[in-house]
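Number of protein chains: 2
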Amino acid sequence: MSIERFSGILAPVVTPFKDDLSPDIGRFLKHCRWVKSQNANLAIFGTNSEANSLSVKEKIDLLEKLISSGISGDALMPGTGCCSINETVELTNTAVSLGCRGVLMLPPFYYKGVTDDGLFAYFSEVIERVNNDRLAIYLYHIPPISQIPLSTDLVTRLVTDYPKAVVGIKDSSGDWKQTEAFNKLKLPNFRVFCGSESFLLQNMEAGGAGCISATANVNSLAINELFLNWTMPGSAQKQKEIDEIRDIFQRYPMIPALKEAIALNNEDAEWSRVRPPLVSLSRSQSNALKRQLEQVSFKMNNLFSGQ
Amino acid sequence: MSIERFSGILAPVVTPFKDDLSPDIGRFLKHCRWVKSQNANLAIFGTNSEANSLSVKEKIDLLEKLISSGISGDALMPGTGCCSINETVELTNTAVSLGCRGVLMLPPFYYKGVTDDGLFAYFSEVIERVNNDRLAIYLYHIPPISQIPLSTDLVTRLVTDYPKAVVGIKDSSGDWKQTEAFNKLKLPNFRVFCGSESFLLQNMEAGGAGCISATANVNSLAINELFLNWTMPGSAQKQKEIDEIRDIFQRYPMIPALKEAIALNNEDAEWSRVRPPLVSLSRSQSNALKRQLEQVSFKMNNLFSGQ
Chain A
1 MSIERFSGIL APVVTPFKDD LSPDIGRFLK HCRWVKSQNA NLAIFGTNSE
51 ANSLSVKEKI DLLEKLISSG ISGDALMPGT GCCSINETVE LTNTAVSLGC
101 RGVLMLPPFY YKGVTDDGLF AYFSEVIERV NNDRLAIYLY HIPPISQIPL
151 STDLVTRLVT DYPKAVVGIK DSSGDWKQTE AFNKLKLPNF RVFCGSESFL
201 LQNMEAGGAG CISATANVNS LAINELFLNW TMPGSAQKQK EIDEIRDIFQ
251 RYPMIPALKE AIALNNEDAE WSRVRPPLVS LSRSQSNALK RQLEQVSFKM
301 NNLFSGQ
Chain B
1 MSIERFSGIL APVVTPFKDD LSPDIGRFLK HCRWVKSQNA NLAIFGTNSE
51 ANSLSVKEKI DLLEKLISSG ISGDALMPGT GCCSINETVE LTNTAVSLGC
101 RGVLMLPPFY YKGVTDDGLF AYFSEVIERV NNDRLAIYLY HIPPISQIPL
151 STDLVTRLVT DYPKAVVGIK DSSGDWKQTE AFNKLKLPNF RVFCGSESFL
201 LQNMEAGGAG CISATANVNS LAINELFLNW TMPGSAQKQK EIDEIRDIFQ
251 RYPMIPALKE AIALNNEDAE WSRVRPPLVS LSRSQSNALK RQLEQVSFKM
301 NNLFSGQ
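Line order of the protein sequences matches chains A and B.
Residue numbers are given in my numbering: position 55 of the first sequence equals residue 55, and the series is strictly consecutive.
Residue numbers are given in my numbering: position 298 of the second sequence equals residue 298, and the series is strictly consecutive.
Take these hints with a grain of salt, some might be off.
Distance ranges between label pairs, derived from CB positions [as the list claims (entries may be wrong)]:
1) B:Pro163 with A:Glu241: 53 to 61 Å
2) B:Asp247 with A:Leu98: 26 to 34 Å
3) B:Ser297 with A:Pro144: 41 to 49 Å
4) A:Glu205 with B:Gln295: 56 to 64 Å
5) B:Lys290 with A:Leu98: 46 to 54 Å
6) A:Ser22 with B:Gly70: 55 to 63 Å
7) B:Thr156 with A:Leu21: 20 to 28 Å
8) A:Asp61 with B:Lys112: 20 to 28 Å
Hint data in this document are derived by calculation from the structure and do not stem from the laboratory.
Glycine is no exception: its CB is placed at the ideal position from the N, C-alpha and C atoms.
Make the full structure from the sequences, and use the hints.
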């Protein structure tokens, strides 16, 4: 049985926390619904979700609650890559059995300088253990953070050996030449997502599938407009407009800035909270972010209630 | 209640795996006993233990089995630092409640470029949650792998605010100036371990407490000899001799090489196995390692049975 592969815009959904730092399922669910209403699918448990500050148990619990609250697995691409094979398999099994259309999989990221052979053995062990036709892996290439590059050779080898299971990649290298290289592999029906909307037009022109970007948490309607109309006149202008918004967020640590924007838009300070080792924006950073977003008349559409 | 702090030699105990990659508790226990017989204590779940390729569950299970098999908590400094506060707390609680004399704690290592404030918040959250007088944390500084440096400012702040809980550091920066800087802080009764025996004599001269080194898995008797006699004539020669052995291992990826040496010494190929993303030594690497160890007449003392 074949599952339709993702395309378009996905948001690595930010995770709200309560006062005791436990995940705030109510606000999380509301934000997921809002992001969906803005025409983006949900890459929960990504880097911007502070997923690597969550325990495996917390992720399984959140995923089960999202699904039981009526979010369709068809919209979900949870991050399931941990450092250990067991935990990656446990989380991936949960995602697959709950009907998630795909999973975003980090390579194991503790040991550095590992070989393509070692990474291939890791991914193939995971795939063999999950052993499910409904498994659809999007590899997660984010060397600035994971410090583990995925070579085009490795990607080719994985897709060749597991053409049904390895179906795409998110490239958050921040380097267009790298995203271009993944597109140039021309692997059949392989979905290349850029990790920032600033490469969206280029990625679509190169044969890519869309983007999975932090700022899709706050600006997905506009980003999706470019995705839908990239062949039309005016696409360069659209690219420029979404870049302008991204540029503002990039002046700050991205995750706290996204949460702060949601807090500001919803007048809900609870949203500002991050888990250590991250730190929330300071009062003056928050004021500056507010001012900069107002200057470009940025407003998240269809504000959702902060509670 | 005050616990005696560690000093001397600890081995980051390598973890043997069965054919299905599950931890081999029988061989693990035998190796732990052998390392103890060679006058080293047991820093299980360190980098060299492939601890970050084990799940939290597996680590808890292994620790419980070690203790129930009669290994004393007094000899144990398990690594308990994970990326999420919850998992670090869970593992640390287990270690403390089982009577481990200390824990070796990595900083959260996924998010990069984090601030001292963020790291301080992380460690203090862990300490407050564990909330146990018997908690003794040895910070684990290994920037080449974790990519998260711990500044002397941060260390001083932690020891100042939690003088009973933060009792030492293992410095695996590979940079003597860094280990020296931790010693120069002159924090009261704070134990500075170097992460390689090649700095042992220097570390002792600078006021350090010993070393926690990969090669203590195979050569701890000789390393401990230097620790015991560093003020005596002949210490420079002893340093030279243990350096010679270390230099051989450093020609290979360290973890597979250590396991291969144990496999060779015990004529037990089971010991060669590593978990992906690591890769075992090739046949020719294994032969070369064997030859080089024979050339310096290296033999692990009191060979233990391989099962």
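To see whether the hints hold, each was checked on the structure:
| no. | hint | in the structure |
| --- | --- | --- |
| 1 | B:Pro163 with A:Glu241: 53 to 61 Å | 55 Å, holds |
| 2 | B:Asp247 with A:Leu98: 26 to 34 Å | 52 Å, violated |
| 3 | B:Ser297 with A:Pro144: 41 to 49 Å | 47 Å, holds |
| 4 | A:Glu205 with B:Gln295: 56 to 64 Å | 60 Å, holds |
| 5 | B:Lys290 with A:Leu98: 46 to 54 Å | 50 Å, holds |
| 6 | A:Ser22 with B:Gly70: 55 to 63 Å | 38 Å, violated |
| 7 | B:Thr156 with A:Leu21: 20 to 28 Å | 26 Å, holds |
| 8 | A:Asp61 with B:Lys112: 20 to 28 Å | 27 Å, holds |
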